[in-house]
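S.K.: These are the residues of each chain, in order.
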Amino acid sequence: MSRILVGVKRVVDYAVKVRVNPEKTGVVTQGVKHSMNPFDEIAVEEAVKMKEKKLASEVIAVSIGPSQSQEVIRTALAMGADRGIHVEVSGKEYDLLQPIHVSKILAKLALEEKADLVILGKQAIDDDCNQTAQMTAAVLDWPQGTFCNKIEKTDAGLTITREIDGGLETIKTKVPAVLSADLRLNTPRYATLPNIMKAKKKPLKKVGASDLGVDTNPRIDIISVEDPPVRQAGAIVPDVDALVSKLKEGGHC
Amino acid sequence: MFANSSRNLLRTSIFHRCKSTLVVAEHNNEALNPVTLNTIAAAKKIGGDVTVLVAGTKCGPASEAVAKVEGVAKVLVAENDAFKGFTPESLTPLVLAAQNQFKFTHILAGATAFGKNVLPRVAAKLDVSPISEIIDVKSEDTFVRTIYAGNAVLTLRSKDPVKVITVRGTNFAPAAATGGSGAVEPAPAGDYAQSLTEFVSQELTKSDRPELTSAKVIISGGRGLKSGDNFKLLYDLADKFGAAVGASRAAVDAGYVPNDLQIGQTGKIVAPDLYVAVGISGAIQHLAGMKDSKTIVAINKDPEAPIFQVADIGLVADLFKAVPELTGKL
Numbered sequence: 069m070s071r072i073l074v075g076v077k078r079v080v081d082y083a084v085k086v087r088v089n090p091e092k093t094g095v096v097t098q099g100v101k102h103s104m105n106p107f108d109e110i111a112v113e114e115a116v117k118m119k120e121k122k123l124a125s126e127v128i129a130v131s132i133g134p135s136q137s138q139e140v141i142r143t144a145l146a147m148g149a150d151r152g153i154h155v156e157v158s159g160k161e162y163d164l165l166q167p168i169h170v171s172k173i174l175a176k177l178a179l180e181e182k183a184d185l186v187i188l189g190k191q192a193i194d195d196d197c198n199q200t201a202q203m204t205a206a207v208l209d210w211p212q213g214t215f216c217n218k219i220e221k222t223d224a225g226l227t228i229t230r231e232i233d234g235g236l237e238t239i240k241t242k243v244p245a246v247l248s249a250d251l252r253l254n255t256p257r258y259a260t261l262p263n264i265m266k267a268k269k270k271p272l273k274k275v276g277a278s279d280l281g282v283d284t285n286p287r288i289d290i291i292s293v294e295d296p297p298v299r300q301a302g303a304i305v306p307d308v309d310a311l312v313s314k315l316k317e318g319g320h321c
Numbered sequence: 036m037f038a039n040s041s042r043n044l045l046r047t048s049i050f051h052r053c054k055s056t057l058v059v060a061e062h063n064n065e066a067l068n069p070v071t072l073n074t075i076a077a078a079k080k081i082g083g084d085v086t087v088l089v090a091g092t093k094c095g096p097a098s099e100a101v102a103k104v105e106g107v108a109k110v111l112v113a114e115n116d117a118f119k120g121f122t123p124e125s126l127t128p129l130v131l132a133a134q135n136q137f138k139f140t141h142i143l144a145g146a147t148a149f150g151k152n153v154l155p156r157v158a159a160k161l162d163v164s165p166i167s168e169i170i171d172v173k174s175e176d177t178f179v180r181t182i183y184a185g186n187a188v189l190t191l192r193s194k195d196p197v198k199v200i201t202v203r204g205t206n207f208a209p210a211a212a213t214g215g216s217g218a219v220e221p222a223p224a225g226d227y228a229q230s231l232t233e234f235v236s237q238e239l240t241k242s243d244r245p246e247l248t249s250a251k252v253i254i255s256g257g258r259g260l261k262s263g264d265n266f267k268l269l270y271d272l273a274d275k276f277g278a279a280v281g282a283s284r285a286a287v288d289a290g291y292v293p294n295d296l297q298i299g300q301t302g303k304i305v306a307p308d309l310y311v312a313v314g315i316s317g318a319i320q321h322l323a324g325m326k327d328s329k330t331i332v333a334i335n336k337d338p339e340a341p342i343f344q345v346a347d348i349g350l351v352a353d354l355f356k357a358v359p360e361l362t363g364k365l
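Protein chains in written order, with the numbering used here: chain R, 69 to 321; chain U, 36 to 365.
Since the hints were derived computationally from the structure, they do not count as laboratory data. Mixed in with the good hints there might be a few duds.
[Claimed, not checked] Pulled a few chain R residues facing chain U out of the computed Cβ check, cut under 10 Å:
{"no.": "1", "residue": "Val-84"}
{"no.": "2", "residue": "Phe-107"}
{"no.": "3", "residue": "Asn-198"}
{"no.": "4", "residue": "Gln-202"}
{"no.": "5", "residue": "Thr-204"}
{"no.": "6", "residue": "Pro-211"}
{"no.": "7", "residue": "Ile-239"}
{"no.": "8", "residue": "Ala-310"}
All of these numbers come straight from a predicted model, not from anything done at the bench. Note that CB positions come from ideal geometry on N, CA and C, so glycine has one too.
Make the full structure from the sequences, and use the hints.
M.R.: Structural data, given as structure tokens:
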């Protein structure tokens, strides 16, 4: 029986069209809808499924960020996680927090909580880094199973199918391990109202990054954040013939 | 003023001499992955010496190819059964050993499933913050990358002593595959066998078509195709162009085509000369993967579909009529 630590990040909702702020230091996040990073929902779902199959004894949801991060922990608890840990980092410190810091915090918690598995999303849809799982595995010196499409428990450890560029590959890892969830690992469940109510009573511990002894000094300076170049508006053609002649004009056929 | 500028020149040249980049080559034991050439181009933009590391169970073809690439000074070869499946658990100690010996200022790989898997592990071991999927190099410590599915462009300066970077291949023209004469040397020896992971098998999608991320023309289908069988319409059209076929997440999730055809924020990033989006609405996440294409054509029956906002040429029509007609007229 194993204990699973799941990392969840509060991000600007995937359906929001983000806007760069006028100071060009970031995107506008005030008053913008946030939710759990979609890949993290998949990670939570996988952990909860493992518990339902009696492969795990406890699922601990961790989020690192400002106080609002507790909302995504509550969502994870409503999906079936047993308890939450909120590592509070806010303001300027949070703006410059990178996967290197997050991975050290998660590694510390994984050891403190005696976790056998850490499951994360493959990337956060805000910074699009795709680093935290790999780095957490490195800090812990554990194997990494990234971009998981299927995870099976075996006597010796795990058999994992991974999404790679040309198709799929299968690896075996020992446990403890760090895994990252790809889109097709599962379909996350919705939290039902009774479960949302129950989640309010589940334990949620708050700690500071410094309590864990992790140095969160910034590793980067943000020089600027800007809008991407805008494409010139195109033309609508009336029929296939017009499309063919446009393609010929452009030298495409 | 003259003295000033010559001093600046001197300083610049000293910096140039100090910089050295390690590019971790991607290959499959049979051939070099072309993204390595784009990565070498990014390394050349940073400046300084470029060394390429080729590790695998069979390194001959890739190391020979890489030695001929223009601008490559040195090729480090590590042929060992330990690197079967290119597991990050075996490759990381090798990269660290090379780093230890040569003290590179930059370590680069292509932002592919391979590069994304390996480099963050290397960075964590070096205690540096890696930089993912750069689209430009401003200077030796300042890089450009996109965030929020390509909806914002971040320029950042790294404070770390070693820059560990993955490179978005489509943003760097490939380095010339000939004209170089890099010195081939063995990589630092070590015991790279590990027991944490074991590669079991691969199931690759077989295709005679060009590889998606380097194709000049891509025909891509979405939910509008309605079934996997209907993708045949796109294959027929693709044949006319010698194109690769891609898909939106909706088409992959519906099981029409395999995962590795997905184009978008979490799939592949492509920038072909011509991108034909058929039955794709154009969600933010899909646009993230293709909006740097030179010419975008959209065929969709919904005139309100967001894809038309980025398309150079749009055709509002039923794809089941328009695509066969287009195939016939090319």
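S.K.: The structure should be examined with respect to each hint, and the outcome stated for every one.
M.R.: Results for each hint:
For the restraint placing Val-84/R at the interface with chain U, the shortest Cβ-Cβ distance is roughly 9 Å, inside the 10 Å limit, so the hint holds. Because the smallest distance between the Cβ of Phe-107/R and any Cβ of chain U comes to about 8 Å, under 10 Å, the interface hint for this residue holds. Interface restraint check: Asn-198/R against chain U, minimum CB-CB distance 5 Å, threshold 10 Å, status holds. Hint status for Gln-202/R relative to chain U: holds, with the closest Cβ pair at about 4 Å, below 10 Å.
For Thr-204/R, the interface hint holds, the least distance from its beta-carbon to any beta-carbon of chain U being 8 Å, beneath 10 Å. Evaluation of the Pro-211/R hint against chain U yields a held restraint, the C-beta minimum of about 4 Å falling below 10 Å. This hint holds: Ile-239/R has a C-beta 5 Å from the nearest C-beta of chain U, less than the 10 Å allowed. Look at Ala-310/R: its Cβ gets to within about 8 Å of chain U, closer than 10 Å, so that hint holds up.
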